[in-house]
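Asker: Below are the chains, spelled out letter by letter.
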Amino acid sequence: MKITSVDQFIPSLVRRDAIGSHSLAVQSLLIEMGYRSELYVGNSGPDLAKMVRPYASYKGGEGAVALYQASTGSPISEFLAARPEPLLLSYHNITPSDMWERWEPAVAQELDMARQQLAALAGRCFHAIADSSYNEAELLELGYHSTSVAGPLVDPMAGASHADPIISDWLASWRRRGGSVILFVGRIAPNKAQHDLIKAFALYRKHYEPTARLCLVGSPASPRYFEALRSFVQRLGLDDVVDMPGGVSGEELLAYYEHADVFVCLSEHEGYCVPLVEAMYHDVPVISYGSSAVGETVGDGGLVLSFKDAPRVAAAINRVIGDPVVSKEMVRLGRRRAQELSLDANRDRFKMQLKAALERLEGSV
Amino acid sequence: MAQDDVGPSDGEQAPGKPDLGAVMAEIDAEVRRRRLSGDISPRAEAELQEEFDRYAPMSVKEDSLKASLRALGAATLVNPDVPVDSRIPGGRFAKRVLRKAMGWYVNYVTQQTRSLGITTLGAVHSVIGRLNLLEERLQAIVSDDPVEVGRVSVGVADSLVGLGPQIASELEGIRGRVLHAECGDGWLLAKLAEAGLDAYGVDPRAEVVAPLMDQGLDAWDESVYPHLRSVGEATLSAVVLTGLIDRVPLERKRQVLASAAAAVRPGGKVAIASVGPAGWEVAPVVERDLAPGGPLHHETWSVLMEASGLESTKVIHGEAGSFVVIGVAAA
Chain A
1020 MKITSVDQFI PSLVRRDAIG SHSLAVQSLL IEMGYRSELY VGNSGPDLAK MVRPYASYKG
1080 GEGAVALYQA STGSPISEFL AARPEPLLLS YHNITPSDMW ERWEPAVAQE LDMARQQLAA
1140 LAGRCFHAIA DSSYNEAELL ELGYHSTSVA GPLVDPMAGA SHADPIISDW LASWRRRGGS
1200 VILFVGRIAP NKAQHDLIKA FALYRKHYEP TARLCLVGSP ASPRYFEALR SFVQRLGLDD
1260 VVDMPGGVSG EELLAYYEHA DVFVCLSEHE GYCVPLVEAM YHDVPVISYG SSAVGETVGD
1320 GGLVLSFKDA PRVAAAINRV IGDPVVSKEM VRLGRRRAQE LSLDANRDRF KMQLKAALER
1380 LEGSV
Chain B
4 MAQDDVGPSD GEQAPGKPDL GAVMAEIDAE VRRRRLSGDI SPRAEAELQE EFDRYAPMSV
64 KEDSLKASLR ALGAATLVNP DVPVDSRIPG GRFAKRVLRK AMGWYVNYVT QQTRSLGITT
124 LGAVHSVIGR LNLLEERLQA IVSDDPVEVG RVSVGVADSL VGLGPQIASE LEGIRGRVLH
184 AECGDGWLLA KLAEAGLDAY GVDPRAEVVA PLMDQGLDAW DESVYPHLRS VGEATLSAVV
244 LTGLIDRVPL ERKRQVLASA AAAVRPGGKV AIASVGPAGW EVAPVVERDL APGGPLHHET
304 WSVLMEASGL ESTKVIHGEA GSFVVIGVAA A
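Top to bottom, those sequences are chains A and B. Residue numbering for the first sequence follows this note's numbering, beginning at 1020 and increasing consecutively. Residue numbering for the second sequence follows this note's numbering, beginning at 4 and increasing consecutively.
Since the hints were made in silico from the structure, they are not lab data. Every value quoted in this text rests on a predicted model; they were computed, and no experiment measured them. One or more hints might be untrue.
Label-pair ranges, simulated between beta-carbon atoms [claimed, not checked]:
hint, chain 1, residue 1, chain 2, residue 2, range
1, A, SER1250, B, LEU101, 22 to 28 angstroms
2, B, GLN115, A, LYS1078, 27 to 33 angstroms
3, A, ARG1379, B, GLN115, 55 to 61 angstroms
4, B, LEU39, A, SER1250, 31 to 37 angstroms
5, B, VAL87, A, ASP1066, 17 to 23 angstroms
6, A, ARG1379, B, ARG133, 49 to 55 angstroms
7, B, ARG133, A, MET1132, 25 to 31 angstroms
8, B, ARG95, A, LYS1078, 27 to 33 angstroms
The list that follows gives simulated cross-link-like pairs (lysine to aspartate or glutamate, EDC-like), each with its CA atoms no further than 16 angstroms apart [unchecked claim]:
hint, chain 1, residue 1, chain 2, residue 2
9, B, LYS317, B, GLU173
10, B, LYS20, A, GLU1051
11, B, LYS103, B, ASP84
12, A, LYS1225, B, ASP42
13, A, LYS1374, A, GLU1051
14, B, LYS20, A, ASP1319
15, A, LYS1347, B, ASP22
16, A, LYS1021, A, GLU1246
17, A, LYS1370, A, GLU1051
18, A, LYS1021, A, GLU1081
19, A, LYS1225, A, GLU1246
20, A, LYS1225, B, GLU50
21, A, LYS1225, A, ASP1259
22, A, LYS1078, A, GLU1104
23, B, LYS194, B, GLU236
To give a feel for the contact side, a few chain B residues facing chain A, derived at Cβ under 8 angstroms [claimed, not checked]:
hint, residue
24, LYS20
25, ALA28
26, GLU29
27, ILE30
28, VAL34
29, GLY41
30, GLU48
31, ALA59
32, HIS300
33, VAL318
Beta carbons are placed, not taken as given, at the ideal position from N, Cα and C, and that holds for glycine.
So that you can see chain B by itself, here it is in the shape it has in the complex (with noise of 0.2 angstroms):
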């Protein structure tokens, strides 16, 4: 860019110059208004995503173990018929004869390549098998399907809708992003979204996220914990949990909140909003039956908070045990 009359190139911001940190603000409320209007799909990034993926090499991601194995098993096919053609006079002829003046020594050394490979290859089936079942078991202990931790209706407690204003009036003002997991049928989503927050949701639910899309609301088919831990640190301004944060085991639950506490950047807020242990005594018996772990009482989420580094906890009782307790990362 040329320069031109950009004015002096020194001191603080002159009286009637553009704050940045408003242009920001007003970045973000472009985007929720083009969100909610449904003028940018909610689909565009993760089709964009699609689109180059497409180009990408395999990752772990995607599943591409067994394409890798498909690959390296392909790859120990290793053919000993030298290509004889050529683009120089005689040259095919002369590779021709060569070929087969050195066929026992590359049949020799081919047969012993052949033989690494396939060694190589049970090799590594055996680790990948022993990897499996250790995921399988590791898989009980810290599941977020939804179905394996008890998360068997869309719907959730009346008593945690409840406490949906007192959450959106607790994050109002705050700038920059905040996340709601599991944001289920989008019951907080839209009360965040109403009260002019930048909000969005995840939730492993593909069936249940895609109405959210279409609704214009911003969500996303993730699951919770690996979500949380993809984030940058300190990139987020809030961060509200519930649903799974009552189901899993006491460690997930821990690893959850600390993802959470390191997601949030100094003087943002973690919400744990819970049905709380007398709540979940009403709870549908097949999710609790299903669930490994319960509801926490708030005093026992303060003690886990301020030990992920968050301070000033604060709680909110709602109806029938339920609560929010809220953090704040330090600044």
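Just chain A, same shape as in the assembly (with noise of 0.2 angstroms):
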């Protein structure tokens, strides 16, 4: 079979997320690559609907190969499995649902749709691509055969060129009045568990820094845990230091990685978590709790928490922000990380996957 074509499949494509990020860069690879790549999605940000098209028009035929974006449950997945096309998956996460029953039911349904999905599609894929080394277990517990892992094509820089200037006044002010800022950047979800961040929070003010400020940028992708975590700050008496200002701009969160002193990440589950390798770049230092496909993110990074009790939290936050040296460290280390994590380095390793997949491929068929 000679390939001609590599089209994706992306149930939502937002060209400023993670998986439109990915999206976008895969599609730039494969038409480097001789390729000839549409976009195929479920719906997409009005600003890329030139470039997409419905993925019911979708008409494939002799050297089309199909590139699944996996991340969420999508009539897409249904669509695909009963298309004829070879289909090749790149596989983001899907959150378990047992962390979402509590607050919000309707997504725990749909996250376990999503993965009954994906088991679906393990017959029906010659190869996935997984971002993690826990994502590829997953795959392989399903039932996928054949697997390897490249990080996401997402690059740390790409969000602004410039920081906002009244977020960075701001942030700039309050730490001249001595006060650190500690950042968490993440959709307002209960697997990131910004509530366990908020008490260790509270106890790290108690014992060590009276003058800390939490910022936890993130849009609420869950409005009940959102309005737990307001209602949860104000109970404590923290509604003037902890900023949850949602989804932010490209320069406003330049200006939250500018001026942090340590991001802080105790996410119950991440697939690969974008966010670190943000901080990492931008040299904040990193603390992890190490969940997941966290600690795997992070490496050698940064400090990666066993546990997450708030004094242990709260510990590491004063030993990283009080100790010049240990922060100059971790900047070093979270920097050489970030280099190992970024967009070419990715985009190689993703590359020689799919590459190797297309021409085993082509030699089969």
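With the hints in hand, could you dock these two chains into one complex?
Answerer: Put into structure tokens, the structure is as follows:
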């Protein structure tokens, strides 16, 4: 079989999110490799309308390969299962439903469905490329027989060329007055466990630094969880020092990274976690809880805790913020790790896996 | 953080640079020191979690099944009296007319919806009733309740206490968290803490755990098996099992051991300290009568440990037939 086109299928394509950036970068890569490559979507942002086609309009045919960007439940999965074209999967992980059940039962149901759809595609895919070994292990457990690992094609620099001046001034003035800035970036979602970070932050302020500030940047994915966090923060009397600005622009995000003293991720479940790489790239020391793929992503670029009890996290924050030698070394190690996971490095790995898989397919059919 | 003179961005750890592994150990030591000094209350974490739980939706953990059923019951009471308030002039009048005109239809739909709700509620109650029955039956087989499994006194056999220093010595130098389950009156926990280990204990008896917290020991009032199951895989450096492990039935013994083996990281240790069958003969009669299971021989534990993926089992014998079997999680 001579492969002529590799078209991508994306349930929801948004330029600025990780999967959107990855899909667009993969399209460039495929074209560079000499294939025709279109983007077929369930839905997309208005700025991408001219670049995409509805998935149901896909014609495929001789020499065509379909590449599915799997991260959520979508009718695209069933559509592809019924198509004759060879199928390749790029897997970004599906959050276990039990983490959402208590908060958003309907989302939990969707996640269960997504996992069932993923399992159903196991026999259909000739190869799957996972973002992390953690993701790959899930695929193997679901019966995928040919898998490999390459990080997502996301550029940590792509957000903005300059930092938002208002956020920058505000955070800089806070730091000038002696207050540290603790940062986490990620959707407000139960699996991200922002409540654990608030607990640790409360203890950190009580025992180490009463002037610290916590910034939880990210759009609320679960309204209930978001409301619970807000009430919790109020209950602890921290509403003046815990910021939850929601989703922010690239410029605003850059301002947060530029002025953060430490990035703390206590997430329970991540298939890769792009913000960890962004933080390391922007020279913010990273403290993380080693769940799911977090330890794999951080590698030796930061502190990976085995436990995330509030006193331990508070002590870790204090150690990093309070000891410039440790902080400086973590920045150095983080920068090195971010280089290992840079867009170019991940692109090379992805290209190699993709090329090998497509060549095997050409040789076998 | 602004990019400044952070040194080279590649290469290995430069001379004089801090080792992050050592930094982690120092953080562990700092937490331990603060806990032991009473600076950080042992209840701090639990209290913060309780505060957060005030705002979290109901969960099965909080006996919310009844509350959920109540909410479901309340939801079946569909009100056909459609609100007619309106901010638009004349809106209220229009709505009232519509309500009156549509009354027969709304009532009909309401009746059917109520009927569906009541039938569903009945079915859910029936399922829950059966589940409760099943739970009761299972409880009799695999209970972790300390009294039900024969733990009637706080004290621990002298022979087991005598093994304390040897257990602490075997675990000496381990970095990361060490769990003692069940920790009872803290007989081993204090020794582990003295040995510089980052140890914590669990015991289902709140009245036993509370004084330990007051002493600055890190002890949680939780049942052993659920706790082990809630601990993430490969997150502990060692687990010491005592007490309960002697009294529960064989199947539960296997489950507890398997959970402990899963909880320790590669190279971590699982230790089972037992009074042994000989020691059991002289245990309080009430305890023996109530316990659904009894201690195993150390040879049996060695076999079970190997079956759980633990290697290099080592046996240390104590007085009156007691022993410790230690297995190492495969690297």
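Asker: Each hint needs a verdict: does it hold in this structure or not?
Answerer: Results of checking the hints against the structure:
{"no.": "1", "hint": "SER1250(A) x LEU101(B): 22 to 28 angstroms", "in the structure": "violated, 38 angstroms"}
{"no.": "2", "hint": "GLN115(B) x LYS1078(A): 27 to 33 angstroms", "in the structure": "violated, 47 angstroms"}
{"no.": "3", "hint": "ARG1379(A) x GLN115(B): 55 to 61 angstroms", "in the structure": "holds, 59 angstroms"}
{"no.": "4", "hint": "LEU39(B) x SER1250(A): 31 to 37 angstroms", "in the structure": "holds, 34 angstroms"}
{"no.": "5", "hint": "VAL87(B) x ASP1066(A): 17 to 23 angstroms", "in the structure": "violated, 44 angstroms"}
{"no.": "6", "hint": "ARG1379(A) x ARG133(B): 49 to 55 angstroms", "in the structure": "holds, 52 angstroms"}
{"no.": "7", "hint": "ARG133(B) x MET1132(A): 25 to 31 angstroms", "in the structure": "holds, 27 angstroms"}
{"no.": "8", "hint": "ARG95(B) x LYS1078(A): 27 to 33 angstroms", "in the structure": "violated, 57 angstroms"}
{"no.": "9", "hint": "LYS317(B) x GLU173(B)", "in the structure": "holds, 10 angstroms"}
{"no.": "10", "hint": "LYS20(B) x GLU1051(A)", "in the structure": "violated, 43 angstroms"}
{"no.": "11", "hint": "LYS103(B) x ASP84(B)", "in the structure": "holds, 10 angstroms"}
{"no.": "12", "hint": "LYS1225(A) x ASP42(B)", "in the structure": "holds, 11 angstroms"}
{"no.": "13", "hint": "LYS1374(A) x GLU1051(A)", "in the structure": "holds, 12 angstroms"}
{"no.": "14", "hint": "LYS20(B) x ASP1319(A)", "in the structure": "holds, 14 angstroms"}
{"no.": "15", "hint": "LYS1347(A) x ASP22(B)", "in the structure": "holds, 12 angstroms"}
{"no.": "16", "hint": "LYS1021(A) x GLU1246(A)", "in the structure": "violated, 54 angstroms"}
{"no.": "17", "hint": "LYS1370(A) x GLU1051(A)", "in the structure": "holds, 10 angstroms"}
{"no.": "18", "hint": "LYS1021(A) x GLU1081(A)", "in the structure": "holds, 8 angstroms"}
{"no.": "19", "hint": "LYS1225(A) x GLU1246(A)", "in the structure": "violated, 24 angstroms"}
{"no.": "20", "hint": "LYS1225(A) x GLU50(B)", "in the structure": "holds, 14 angstroms"}
{"no.": "21", "hint": "LYS1225(A) x ASP1259(A)", "in the structure": "holds, 15 angstroms"}
{"no.": "22", "hint": "LYS1078(A) x GLU1104(A)", "in the structure": "holds, 10 angstroms"}
{"no.": "23", "hint": "LYS194(B) x GLU236(B)", "in the structure": "violated, 26 angstroms"}
{"no.": "24", "hint": "LYS20", "in the structure": "holds, 5 angstroms"}
{"no.": "25", "hint": "ALA28", "in the structure": "violated, 11 angstroms"}
{"no.": "26", "hint": "GLU29", "in the structure": "holds, 7 angstroms"}
{"no.": "27", "hint": "ILE30", "in the structure": "holds, 5 angstroms"}
{"no.": "28", "hint": "VAL34", "in the structure": "holds, 5 angstroms"}
{"no.": "29", "hint": "GLY41", "in the structure": "violated, 12 angstroms"}
{"no.": "30", "hint": "GLU48", "in the structure": "holds, 5 angstroms"}
{"no.": "31", "hint": "ALA59", "in the structure": "holds, 6 angstroms"}
{"no.": "32", "hint": "HIS300", "in the structure": "violated, 34 angstroms"}
{"no.": "33", "hint": "VAL318", "in the structure": "violated, 28 angstroms"}
The structure fails to meet hints 1, 2, 5, 8, 10, 16, 19, 23, 25, 29, 32 and 33 from the earlier list, while all remaining hints are met.
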